[in-house]
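**Student:** Sequence:
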Amino acid sequence: MAQYDVIVIGSGPGGYVCAIRCAQLGLKTACVEGRETLGGTCLNIGCIPSKALLHASHMLHEAEHNFAKMGLKGKSPSVDWPQMQAYKDDVIGQNTKGIEFLFKKN
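Quick note on our numbering: the sequence shown kicks off at 1 and runs consecutively.
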């Protein structure tokens, strides 16, 4: 059985930072995560996904209400829900890969 100086439960914003810092300080560290992906609730199903969709909706609003004022004219944009979901999933994936990179680096 492996021996660790520190075992961190969860890879959310507190967990992954704690695990990385412990490793940087030379402690043999394990991070235990119940999900298939790193990042916790905020990254996977909470804050980040909702912010990605909110950003997309703000861009739609800008296009509908402000582009013409700036001299930008063209076909009015429409919502492609599956593509918005793909965008959200890509944002989550990029952030998860960032945490994975930090874990491997440390």
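By construction, these hints were calculated from the structure, which means they are not laboratory data. Please note that the accuracy of each hint is not assured.
Label-pair distances were calculated between CB atoms; the ranges are [stated by the list, open to error]:
1. Ile-7 with Lys-73: 57 to 63 Å
2. Thr-41 with Gln-83: 22 to 28 Å
3. Gly-46 with Gln-3: 32 to 38 Å
Think of the CB as a built atom: it goes at the ideal place given N, C-alpha and C, for glycine as much as any other residue.
**Student:** Look at each hint and say if it fits the structure.
**Tutor:** Here is what the structure says about each hint:
1. Checked against the given bound of 57 to 63 Å, the beta carbons of Ile-7 and Lys-73, roughly 59 Å apart, stay inside it.
2. Here the CB-CB span from Thr-41 to Gln-83 is close to 25 Å, well matched to the stated 22 to 28 Å.
3. Checked against the given bound of 32 to 38 Å, the beta carbons of Gly-46 and Gln-3, roughly 34 Å apart, stay inside it.
Checked against the numbered hints given earlier, this structure breaks none of them.
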